[in-house]
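Undergrad: Sequence:
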Amino acid sequence: MSLISFKEVRPWAKSIREVVVERRMPVWLADPNYGEFINDRRLSQKEIDTIVAWVDGGAKEGDPKDLPPTPKFPDDGWSIGKPDVVLSMTEEASVPADGVVPYRYFAVPTNFTEDKYVQAAEIKRGNPAVVHHVIVNVMEPGQGLLPAAGELRLDSIFARQGGEREGGSNEDSGRANRNRNPDGMLIGWAPGMSPLVLRPGVAKLVKKGSVLIFQMHYTTNGEAAKDRTSVGLVFAKSPVEKRFITAGASARNLIIPPGAPNYESRSSFTFREDSHIWGFMPHMHLRGKDFEYRLVYPDGTSKILLRVPRYDFNWQLNYWLKEPVAAPKGSRLECVAHHDNSVNNKFNPDPTKEVRWGPQTWEEMMIGWFDYTLDSQDLRKETVAASR
Numbered sequence: 331m332s333l334i335s336f337k338e339v340r341p342w343a344k345s346i347r348e349v350v351v352e353r354r355m356p357v358w359l360a361d362p363n364y365g366e367f368i369n370d371r372r373l374s375q376k377e378i379d380t381i382v383a384w385v386d387g388g389a390k391e392g393d394p395k396d397l398p399p400t401p402k403f404p405d406d407g408w409s410i411g412k413p414d415v416v417l418s419m420t421e422e423a424s425v426p427a428d429g430v431v432p433y434r435y436f437a438v439p440t441n442f443t444e445d446k447y448v449q450a451a452e453i454k455r456g457n458p459a460v461v462h463h464v465i466v467n468v469m470e471p472g473q474g475l476l477p478a479a480g481e482l483r484l485d486s487i488f489a490r491q492g493g494e495r496e497g498g499s500n501e502d503s504g505r506a507n508r509n510r511n512p513d514g515m516l517i518g519w520a521p522g523m524s525p526l527v528l529r530p531g532v533a534k535l536v537k538k539g540s541v542l543i544f545q546m547h548y549t550t551n552g553e554a555a556k557d558r559t560s561v562g563l564v565f566a567k568s569p570v571e572k573r574f575i576t577a578g579a580s581a582r583n584l585i586i587p588p589g590a591p592n593y594e595s596r597s598s599f600t601f602r603e604d605s606h607i608w609g610f611m612p613h614m615h616l617r618g619k620d621f622e623y624r625l626v627y628p629d630g631t632s633k634i635l636l637r638v639p640r641y642d643f644n645w646q647l648n649y650w651l652k653e654p655v656a657a658p659k660g661s662r663l664e665c666v667a668h669h670d671n672s673v674n675n676k677f678n679p680d681p682t683k684e685v686r687w688g689p690q691t692w693e694e695m696m697i698g699w700f701d702y703t704l705d706s707q708d709l710r711k712e713t714v715a716a717s718r
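FYI, this note's numbering numbers position 339 of the sequence shown as 669, with every residue one higher than the one before it.
There could be a bad hint or two in this list.
Claimed, not checked - Cβ pair distances, simulated, as ranges:
1) V527 <-> K376: 22 to 30 Å
2) S568 <-> D379: 40 to 48 Å
3) P569 <-> G429: 23 to 31 Å
4) D386 <-> E571: 50 to 58 Å
5) P356 <-> R602: 14 to 22 Å
6) S706 <-> F442: 24 to 32 Å
7) R710 <-> F442: 17 to 25 Å
8) I585 <-> E391: 53 to 61 Å
9) G411 <-> N644: 44 to 52 Å
10) S632 <-> P399: 41 to 49 Å
11) N551 <-> I368: 32 to 40 Å
12) T400 <-> K683: 46 to 54 Å
Hints were generated in silico from the structure; no laboratory data involved. Here the structure is a predicted model, which is why all the values come from computation and not from measurement. Glycine included, each C-beta is placed from N, C-alpha and C at the ideal position.
Produce the complete structure using the sequences and hints provided.
TA: This is the structure we're talking about:
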């Protein structure tokens, strides 16, 4: 629903007043006592007071000549600007009218003849009505036989987040896939997530000859549908110093009892060399209650980096730090979450059921996604050395 013009806004004036006073809108779920984030959507108290005064004063239109310019939205739908390349599923996916659709995987060759550093990336869903979420992973040459273009018939190996990472290791409770690209995830989309736009000097790496694996989660809506999702990439235009790495610390041994109001799950990641943390994206399903990231330093002291006291599955936000946080060698990023499987959780599909890890919404997950760089890495020097 658009709220650009006075005609569109005026009928909602009282509702707008209510949700901004209660800080339910704009949606921002982080506890303000921990961390500063560049994408913080909260209104200032002065902005809230201005809206309240306008509504209490009769929500009048005012002089149209004082209006700011109308925002311009891109005609092609790409908020990252015109992509340098758009890579799409090579075939349409057919989604049935009803029933449960298992995760599906589509191989999309990049055909890159040289390594590419990605400064920005955005997923464009082919059919938003049936696309529940998307994860685009990178499969590099040397990781085994690269798949041909098209749909893959395999289990969720590309979604496994356990095991080794460049500069660290994941002590999650599940399976480890130790032969993956250390930064397998290129970008994801779920409700509330924004496109990936990185600061100059850091970028995602897609090696020449790599194949993208689109993990597609479709949900049925009563009508048969088709989908062909795409990802747009903008390449770095200035020298890249560090590779931007995404990892996930997950708790896969979830056994949530029926009716449990505050089931706790934990996961962690240990940094094997000096690093900096840039951002977070906590992920759970409908029983997710709260989520916390805490950095434990080698001397035993700790610091809360992000706390989400009221997790909302419908708003899976990224939290980008204003300044990256140093994680010295030996530091441990600990994730602690709670799940509400009781009748008090209005989103709970069935409080009478024991719940375990699973990909579908009525099952449960706990993944503490985060992004980091390695202090020792300087790709500018590596590039110069390689060119000699």
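Undergrad: For every hint, state whether the structure bears it out.
TA: Hints and how they fare:
1. For the pair V527 and K376, the supplied restraint of 22 to 30 Å holds, since their beta-carbon distance comes to about 28 Å.
2. With their beta carbons about 41 Å apart, S568 and D379 fall inside the hinted range of 40 to 48 Å.
3. At about 50 Å, the CB distance of P569 to G429 disagrees with the hint of 23 to 31 Å.
4. Taken as a hint, the range 50 to 58 Å holds for the pair D386 and E571, whose Cβ atoms sit roughly 51 Å apart.
5. The hint said 14 to 22 Å for the Cβ distance between P356 and R602, and at roughly 38 Å that hint is violated.
6. Judged by the Cβ atoms, the range 24 to 32 Å given for S706 and F442 holds: they are separated by roughly 26 Å.
7. Here the CB-CB span from R710 to F442 is close to 21 Å, well matched to the stated 17 to 25 Å.
8. Here the CB-CB span from I585 to E391 is close to 57 Å, well matched to the stated 53 to 61 Å.
9. The hinted range of 44 to 52 Å is not satisfied by G411 and N644, whose Cβ atoms lie roughly 28 Å apart.
10. The hinted range of 41 to 49 Å is satisfied by S632 and P399, whose Cβ atoms lie roughly 47 Å apart.
11. For N551 paired with I368, a C-beta distance near 35 Å keeps the hint of 32 to 40 Å intact.
12. A beta carbon spacing of about 49 Å between T400 and K683 agrees with the range 46 to 54 Å that was offered as a hint.
When the structure is compared with the earlier hints, violations turn up for hints 3, 5, 9 and for no others.
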